[in-house]
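Visitor: So the protein lines, in turn, are chains V and W. Going from the first sequence to my numbering is simple: count from 1 and add 167. Going from the second sequence to my numbering is simple: count from 1 and add 3.
A couple of the hints might just be wrong.
To be verified - Just so you have them, the derived chain W footprint on chain V, three or more residues with Cβ under 8 Å: (1) 190-197; (2) 211-221; (3) 263-275.
Since the hints were made in silico from the structure, they are not lab data. Note that CB positions come from ideal geometry on N, CA and C, so glycine has one too.
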Amino acid sequence: GQNIDQPTEMTATEGAIVQINCTYQTSGFNGLFWYQQHAGEAPTFLSYNVLDGLEEKGRFSSFLSRSKGYSYLLLKELQMKDSASYLCAVREEGGGNKLTFGTGTQLKVEL
Amino acid sequence: DTEVTQTPKHLVMGMTNKKSLKCEQHMGHRAMYWYKQKAKKPPELMFVYSYEKLSINESVPSRFSPECPNSSLLNLHLHALQPEDSALYLCASSSGQGQNIQYFGAGTRLSVL
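So that you can see chain W by itself, here it is in the shape it has in the complex:
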């Protein structure tokens, strides 16, 4: 089983709203990732959590705030987003060792109005 579950599947929000994206995995993976993907472009890494600690922040604006409550859960809190933040947000997880292959969730399609 290589399932990573993301909710919601779709989200529409205004620029003044606060919302959260959620990601869950039950594979015992110890690393979790947030990516942003615009149409017809490759995924771009935003954040990496390793053993529940933030290990990589790719200079993401502070209106995106990640949180890792435990080893199975990863959240992305959104506040005061801009229309250009509209994209597919993908979560991934990996074991944290060996080949360390990243497995992706189906994503949240976000539209900012």
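Next up, chain V with everything else stripped away, as it sits in the complex:
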């Protein structure tokens, strides 16, 4: 089984930078995904990490440390539309591409 932890809520200011952390415990790691989900809408894929290091995609970056069971999603130049839930999901080896999601971090961006 897996245990995935994220903060429940975060608040940040428009234009600022925010880091959302995710820690996980798994028996066989095979990738970590970040999704964004606005209320009542589909999760939207943001990033994928399987090797240690930083992956950058525009205003969004994601970091992975497999030895520490740790990832973070970094959002720069925050915009009001970034207010959403951010879900960390882990894939196990031999799991048939099954994703186990963390409980999600609700981010509120304020003026």
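Following the hints, put chain W in place on chain V, whose structure we already have.
Guide: Only chain W this time, still in chain V's reference frame:
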């Protein structure tokens, strides 16, 4: 294009009804998924089809019956549901290889009365 289309968007049904949820993708993906999501909770995997064969059933009650008629279509047949089955039902698809990223549809909001 990473579009997964789900119909209907909303569904209200009684406990004795039979209904079906539909999911379609035209990305050539070979894996398709059903998830259930309750309010303020993460998605929970229900079923996985890989190359049109059921590969994962997460111990889902038999009142939920999946069907994969072809590689582009995925159905979820519903029968004798309970009020606690009310949720957002999400479909996803992935290529079946490489990074195998799952792309989600907008979901069907189901209410069981």
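Visitor: Could you run down the list of hints and mark each one as holding or not?
Guide: Now for the hints, and whether the structure bears them out:
For the segment 190-197 of chain V, the stated coverage by chain W is violated: 0 residues have a C-beta nearer than 8 Å to a C-beta of that chain, whereas at least 3 were required. With a cut-off of 8 Å between beta carbons, the segment 211-221 of chain V has 4 residues touching chain W; three or more are needed, and the interface restraint holds. Requiring three or more residues with a Cβ within less than 8 Å of a Cβ of chain W, the coverage given for the segment 263-275 of chain V holds, as 9 such residues are present.
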